[in-house]
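> If you're matching them up, the sequences are chains A and B in order.
If you number the first sequence the way the numbering used here does, the last residue is 850 and the count never jumps.
If you number the second sequence the way the numbering used here does, the last residue is 403 and the count never jumps.
Rather than coming from a laboratory, the hints here were simulated on the basis of the structure.
Think of the CB as a built atom: it goes at the ideal place given N, C-alpha and C, for glycine as much as any other residue.
Check before you lean on any hint, since a few could be wrong.
Across the chosen pairs, the derived CB separations fall in these ranges [said to hold, decoys possible]:
(1) A:A526 x B:N264: 19 to 29 Å
(2) B:D340 x A:V667: 47 to 57 Å
(3) A:D717 x B:A76: 50 to 60 Å
A few chain B residues that don't get close to chain A, going by computed Cβ distances all over 10 Å [to be verified]:
(4) D182
(5) N218
(6) W230
(7) E235
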Amino acid sequence: MARAVEQVAAPQKETDALISGSEAIAVACKLADVDVITAYPIRPYDTVMQYVAKLVANGELDCEYIVAESEHSQFEIVKHACAAGARVFCGSSGVGWMYAFEALTVTPALRIPMVAMVGNRALDDPGAFGVEHNDALAVRDLGWQLVWVDTAQEALDTALIAYRVAEDRRVFLPCAIACDGAFLTHSQAQVKIPPQQWVNAFLPPYNRGDLLLHPDNPITVAPQVNEDWLMEIRKHNDEAMKRAKTVIKEAYADFARIFGRDYGNPFFEEYQTDDADVVLVGMGTLSMPVKVAIRRMRQEGKKVGLVRLRWFRPFAAEELAATLGRFNAVGVIDRDFSFGSPYTSGVLATEIRAALYPAEKRPPVLGFICGLGGREVTVPDVQRMTDVLLSAAAGKAQPLTTWVGIRE
Amino acid sequence: MGRLFAVEIVYRGIFQKNLAKNISRGVVLAAHHAGKSGISFGRYGDSPERNGIPAKSFAVIGSDPETLEEGMAKYEPKEVDITIVLDDTLLKGVESWAWYGLQPINRLLRPGGTLIVTSMHDADTLIPMAHRKEAPYRLAILKGTPSFSGLWVYKDDHTDVRVLGAVARVLPELFTIDDVEKAILQEWSAPLKATSARKAYERITTRVVQPTEGNPEHPFAFQLPKWHEMREGIAIPAIPRGAPIADPVSGQSGGFRPARNPTFKKFTTRTMRPVVNFDTCVKCTLCWLQCPDSCFDVTPDGFYDANMEACCGCGVCEAVCPVEHCVTMVNETAFTDNSSQWEAWKKDRTAYAAWLQEKIRHRPERTHGFRFRGQYEQELPPMLEIAGGAGPEEPSGEEE
């Protein structure tokens, strides 16, 4: 595969740019020298395709840029291109992601290491474009890797890491990068853009090996599979997903070595947890109001911390159980909801409870439903949640799920 | 625990779907009159059915509810008392439309079980088609042409109730002919059908098939891989390209025979196969081009030899052949092997011409549909005559 157009005597240092989260993903596509990109507009994902189109038009990125007639075709096209050895990028949001669902279901089973961006968006109360995580979470049981990012910088870095992990032959599973609509996709922040040489050192060319769909390697991909084969295919994918945890750790360590940006524990970020009594858990751009609220509450003597989950699939259950077991109460903020689920919780709260169940120390887990459909999660919201949490830590019974910031 | 009975009905997908369903329902209904309870179901894996592809229905009966649960705890029976074959070409073995590999038609029969076949052939023709079995089993022949009673049209030639009558005869522990009659009257309100069932009951003949009889070939078996033996992404390596073939007379090498995937043999799903008149063939390539299974081998002299390891008997070659009577579809029961027709023609053209004429006598009437208004009424009387009238069925009796 042709490498991206390299600048003559490019400086071996990062450049600063003021770009949005979407643009950061587009820049990552350029740095990863993606071969095939498909596009179909839907907010907030469409900003990425606009930026990528611009990169192609400006001659900065040499790739096939295919505007499909629907999200379904969009994902089918990259799926097949990826089977034929192309590094691909694709994405969608909300109901667009849903419309592609048939293609999304087969992608992991065919071991297509596609990287996709989900611009998180509500499903789909007419006109609601705001962030909600249910769209991305819908693929949680399909074999997709799922990672949430917080800042434009993290979006860029994670996209490069996602290619590295997905295309590792031990994994070969697709990876979706979940970006909160508006908060991340549409706001511009200072981002350090690494030089191409660093990326080349970090990200080897995509090599599909003996799974390459090519006349010189005659194979059938996706043959008829009856019930006789299904369990074996699922087990095959299960093993790959388990291995992904190791590969993710390796990738972050290499990233820190080459780029000098160390994310520490790749699976989740911990903020002021060292001496915390209680901890809030969340994903994505929630971290901003939570961190601000934590700083204020600390001044009031409330010992509260944050665990911001990055990788949702694979789920770092053991690591999370070890960490969360240290606290007297855990509050999970879900920017999603699962109707009729255990204790009518959000998805993340249910997963955290499940992860803690075999643990030696099991603090109470309270769920908070907050910020749905892009509603602002305010600092007072976070303070209210923390008060409930502290009360639970003090032994007072609290509801297992609380809606915060709803008109009552 | 009481006694568990299982009956398997093997039929041609779509063409005989309702027939098979009627029979498996009828078995359960008759058993109910005999004080037993049961379930009737189509084999799930055969769905969606394809035209003519072998498919199965099952009836599982328990002498009491707990025993029935023993049967219902399985996806489908692993052993049956009776296998009913609704198209005699299925005797060569069945292969579902995906990855199961060939199954001998009598595979599930328990020792001493009965294979009931609807056929116009006698036992001497039918027995060599089925694979040998280690223990003796019984063959019962119900005289009749393959009944068409598919999804949309039900040609009521009484095959369903005749089979029920035969079941009562070969497995009286399951139900009696009186139970069958009650079930028929209740389900179809048709006294004439009850009469047909009784006639079948009286006239069915059985013959014991010994382990020394039948097709001695080992049935094709397919080993399913363990999960870690499979390649990622369900990638299946291609088969080799193939190679030229040798002329059996001149020894000259040429042409092209594509290699074929041994896990996808198809010949067992045929009801008919093409015979080719190489003397009139104009080498137009249409059969070779249009064959959906690439079954034609290109011979060194430029003819197209239908390879019976790959032919599924669809008849497209006959339909596209521009030369009259050059390709003819012939009933599969007229053949005992899968050898090359072209080689036979090369070696002795006169003998081949005679062979060809003899085979073409078995050109089947196409019963899988109706081509003109009134065809149903026209076809029914002769079939009913076979069923209940002065048909050539032998008197009853066990020939042990």
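> If a hint holds in the structure, say so; if it does not, say that too.
Tested hints:
no. : hint                        : in the structure
1   : A:A526 x B:N264: 19 to 29 Å : holds, 22 Å
2   : B:D340 x A:V667: 47 to 57 Å : violated, 33 Å
3   : A:D717 x B:A76: 50 to 60 Å  : holds, 57 Å
4   : D182                        : holds, 35 Å
5   : N218                        : holds, 25 Å
6   : W230                        : violated, 4 Å
7   : E235                        : violated, 4 Å
Comparing the model with each numbered hint stated earlier shows that hints 2, 6 and 7 do not hold.
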